[in-house]
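Heads up: the sequence lines are chains A and B, in that order.
Using our numbering, read the first sequence as starting at 142 and increasing by one per residue.
Using our numbering, read the second sequence as starting at -1 and increasing by one per residue.
Among these hints, one or two may not hold up.
Stated by the list, open to error - Here are the computed lysine to any residue pairs in the SDA-like style, where the Cα-Cα straight-line distance is at most 20 Å:
(1) B:LYS99 with A:SER148
(2) B:LYS40 with A:PRO248
(3) B:LYS40 with A:ASP197
(4) B:LYS40 with A:GLU243
(5) B:LYS99 with B:PRO12
(6) B:LYS40 with A:ASN193
(7) B:LYS43 with B:ARG(-1)
(8) B:LYS99 with A:GLN221
(9) B:LYS40 with A:GLY213
(10) A:LYS156 with A:GLN221
(11) B:LYS40 with A:LEU180
(12) B:LYS40 with A:SER194
(13) A:LYS198 with B:LYS43
(14) B:LYS43 with A:SER150
(15) B:LYS77 with B:GLN29
(16) B:LYS0 with A:GLU185
(17) B:LYS43 with A:GLY213
(18) B:LYS40 with A:GLU185
(19) B:LYS99 with A:SER194
(20) B:LYS43 with A:GLN178
(21) B:LYS40 with B:VAL90
(22) B:LYS99 with A:GLY213
(23) B:LYS43 with A:SER199
(24) B:LYS40 with A:LYS156
(25) B:LYS99 with A:ASP197
(26) B:LYS40 with A:SER150
(27) B:LYS43 with B:PRO112
(28) B:LYS40 with A:SER199
(29) A:LYS198 with B:GLN101
(30) B:LYS0 with A:GLY213
(31) A:LYS152 with A:GLU243
(32) B:LYS99 with A:SER199
As the list claims (entries may be wrong) - Some but not every residue of chain A turned toward chain B, in silico, with C-beta under 8 Å:
(33) VAL160
(34) TYR189
(35) GLY247
Worth flagging that the hints you see were computed from the coordinates, not collected in a lab.
Think of the CB as a built atom: it goes at the ideal place given N, C-alpha and C, for glycine as much as any other residue.
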Amino acid sequence: GAGVSQSPSNKVTEKGKDVELRCDPISGHTALYWYRQSLGQGLEFLIYFQGNSAPDKSGLPSDRFSAERTGGSVSTLTIQRTQQEDSAVYLCASSWTSGRDEQFFGPGTRLTVL
Amino acid sequence: RKEVEQDPGPFNVPEGATVAFNCTYSNSASQSFFWYRQDCRKEPKLLMSVYSSGNEDGRFTAQLNRASQYISLLIRDSKLSDSATYLCVVNVIMTTDSWGKLQFGAGTQVVVTP
């Protein structure tokens, strides 16, 4: 079956612009996660959705970052007024439920802020 | 102290040799344990779950030691294709009525050489 998909695969933007990243989870998965990973670094948790609600937003680095999920499926991560330090790979993952189940990752969106 | 800690390596392993490494976790209530593999510039992929009694999947063996709060991964007869970063993943219970969330270690790099 189809895995987690993310778009775009690559995004180059200028400092100060807004960007929107999209994640389409595996059908039926109720939990959805956003992470980011800088080159050579580990995964940094950003936010987690259970259905359409976000019980844990603790990883969002600033108020420039926001995310939503609609219909219990697709999620968008929005970064406003991008900064160079936002450059990273943004990974989305989904799982059947939350907390204990293995997560399946999408291929990521590589964001470069010039 | 980090919730999940790993030796970053690299572990340089001759082809055909055995390599093993551990991961320690701090939350004694953790219930789920996994090893993921991440290739360079790729998304993490589930390698195997780790069960209380220990488990094997081909050349890979995972062990859980709850008393000392660590999990281990052993790779036998290493192949060049085993070169990757291995991520230790543990679910971390946040509150008494929560299933918690998965916490990813920063990874252990393994380099298999001809």
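Enumerated hints in conflict with the structure, sorted upward: 1, 3, 5, 6, 7, 8, 9, 12, 13, 15, 17, 21, 23, 24, 27, 28, 30, 31 and 33
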